[in-house]
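Enquirer: What follows is each chain in one-letter form.
There are 2 protein chains.
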Amino acid sequence: MAGRAVPHDANEGLHDAPLRRKPTINDVAGIAGVSFGTVSRVLNDAPDVSAATRQRVLQVIKDIGYRRNRAATALVTSRSTSIGILSDGSPRFGPVGTLMALENIARKKGYATTVISVEQPYEESVQDALDTLDDTGVGGIIVIAPVVDMAAAVWNATCRVPVEMIAAGASSTPNVFTYSENQELGARLATQHLIDLGHTDIAHFAGSMEWFDGRVRKRGWEAALRDAGLTPGLCPEGDWSPGWAYETALQLVRDQKVPQAIFAASDHTALGLIRAFAEHGIRVPEDVSVVGFDDIEGSDYFLPPLTTVRQDFTALALMSMEVLLGAMEGRDVDRTPIAPTLVVRDSTRRANSPK
Amino acid sequence: MAGRAVPHDANEGLHDAPLRRKPTINDVAGIAGVSFGTVSRVLNDAPDVSAATRQRVLQVIKDIGYRRNRAATALVTSRSTSIGILSDGSPRFGPVGTLMALENIARKKGYATTVISVEQPYEESVQDALDTLDDTGVGGIIVIAPVVDMAAAVWNATCRVPVEMIAAGASSTPNVFTYSENQELGARLATQHLIDLGHTDIAHFAGSMEWFDGRVRKRGWEAALRDAGLTPGLCPEGDWSPGWAYETALQLVRDQKVPQAIFAASDHTALGLIRAFAEHGIRVPEDVSVVGFDDIEGSDYFLPPLTTVRQDFTALALMSMEVLLGAMEGRDVDRTPIAPTLVVRDSTRRANSPK
DNA sequence: CGTATCTCCGTAAACGTTTACGATGATGTC
DNA sequence: GACATCATCGTAAACGTTTACGGAGATACG
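Protein chains in written order, with our numbering: chain S, 1 to 355; chain L, 1 to 355.
Some hints could be false.
Cross-link-like lysine to aspartate or glutamate pairs, in silico, EDC-like; alpha carbons within 16 Å at most [said to hold, decoys possible]:
(1) S:109 to L:128
(2) L:108 to S:124
(3) L:62 to S:128
(4) S:62 to L:128
(5) L:108 to L:322
(6) L:62 to S:131
(7) S:22 to L:134
(8) L:257 to L:287
(9) L:22 to S:131
(10) L:109 to S:128
(11) L:22 to S:135
(12) L:22 to S:134
(13) L:108 to S:128
(14) L:109 to L:329
For the record, the hints were derived by calculation from the structure and aren't laboratory data. Note that the structure is a prediction, hence the values are computed from the model and not measured.
Model the full structure from these sequences, guided by the hints.
Expert: Printed below as a string of structure tokens:
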């Protein structure tokens, strides 16, 4: 515990104004020839300070490069300018996409973000992470909860500051707001597209049922089929991985049960199953139409370019930040979910239309 | 400035111990029947406190759910338990991978991370972000600088706390340490693999020259070729996108200049060029061998499964965290870069070996 | 000219810790 | 039995802010 001991000196040889010790409000006051109270007032845009004095103080602040000490401010005001993000550690497309978007939005709104990721078992780690986040003085927390176990842990947790959860298709509870993209709609869009193309035997390569995304996408597929008076086809449940899809598709061709059309729960899933088909001369889209979900980078250059559904993470992040800020400030905001869009490419085609 | 006004009460109806106001060190002291000084001592594992007292205090802390106020601690010690991460906003594979890994490692080491991302123009935004990070009380900063403009901004910036940059192939300066994966080695590995397969006409679909990664991968390719006595083949420079690679490859087949083998600067690049070839009946690997870079999820299920080079982001994160912590504590640490590995799959094969 | 009002500014206390120092009682030593 | 030593604990000051309050001039009004 030797304290901070930067080799030599962190400021050595820099070209800018030397700032060995961080200047304080008192330094500013001294130079400007006013009391620290006055400086505090100009810092907080408070009234009761003459224009001339304000100018002078501002100038000094700029000159000596003064910056407010956030710890001190946080200590006395117990309010903060940062928001916490809790995520699972998974590097999967959805979570990472929202994470990045969230950070971007927060920054644009003047909030810093501190992110913590948790891993199994969630029961302890989630509460712990929430507390840690609270400690750092965040004003609110957004948790990205793709898997239902994690969401459950959040529901059971306790937190002083407002918590908002991004979990597709989960519902809000008194203490945690929920927000999400309307992925069920996305799934319906995908399935409807297949139906519109004249397919009747439409299978679903589902994602993990431990994920909200897996659940609602499957639900959307079923609903669309039901609404169209069709009976759901095969629905193997996997883990999002191309490997699983590959093996499963292989089994299908062995069993001669390859469907007319497949709605894959993710682009990665689609990738795996397309390869399995390709290896056995089953062509996409000539022999089977497939649509994915996610629109990952490169999916437009798959063989064939993939029809898929795209989520708008930026909009999602924007909205959920709005919701959280609303909760933090006690106002109510609109909470209609974001709608994903279908992007049609070459992996789907009309049923029974010989080339 | 209405202060925090959570609707109703954030703690309402929760099952856990009610914690309307956060308990302080004084509350603990009161209940335990000691002075706050003693509590502080047990908090910091200081000596001069009897085992019995320590036990009692610990118990009270657990009972009332006391947690140290970080702002207060930071204020008085001016040392912190969080590290800042500065990243560009790009959602590309490399940056995101390191970001996630960094967060994981930091958490395991007991540090919170606050991340800020910047965008063009870097000159101002970088200094600004560095300052903001400093304000939040981070003990050190790791910047993920994939593009050289951003790195330049960091070099020109000023910061009180130690700054470390993750930038492939860039060198350290007095005020900013640099660390990275040895991507040049990765590129050599890829190229050497092609050479070992008997190819002599080896092209490189380069990444962006505005990225360190693009530069060093190209450099590695050239170096490997030179060392083998071969002359470098074509080297179009792109932007990492499948789209660019697709168009460029198309041009190559039109010009009848398709090389024997291609080292693509990224898997996404490989994806685009493979599609262009596929559309014109040029088979991979039969007609042309291609190796990628990144080992993105799904690259093992491309058509064909892609030979590529994998970076170890976890190791990278671990090492760079080690370096930063070292700088923060004034000790010196080993700084040999991480070595990527080649993973051979089906997109490469021996030259001139008719099927 | 006295007093009330207003503008501007200074001052003290508080936020929740850590750290240095001093106080107390018990224990040991001669 | 006196004194030094030690273990244990309490106390005060400090960290850099914000906030509430009070005071000094200046201006207005009767």
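Enquirer: Hints numbered earlier in the text: which of these fail when held up against the supplied structure?
Expert: When the structure is compared with the hints, none of them turns out to be violated.
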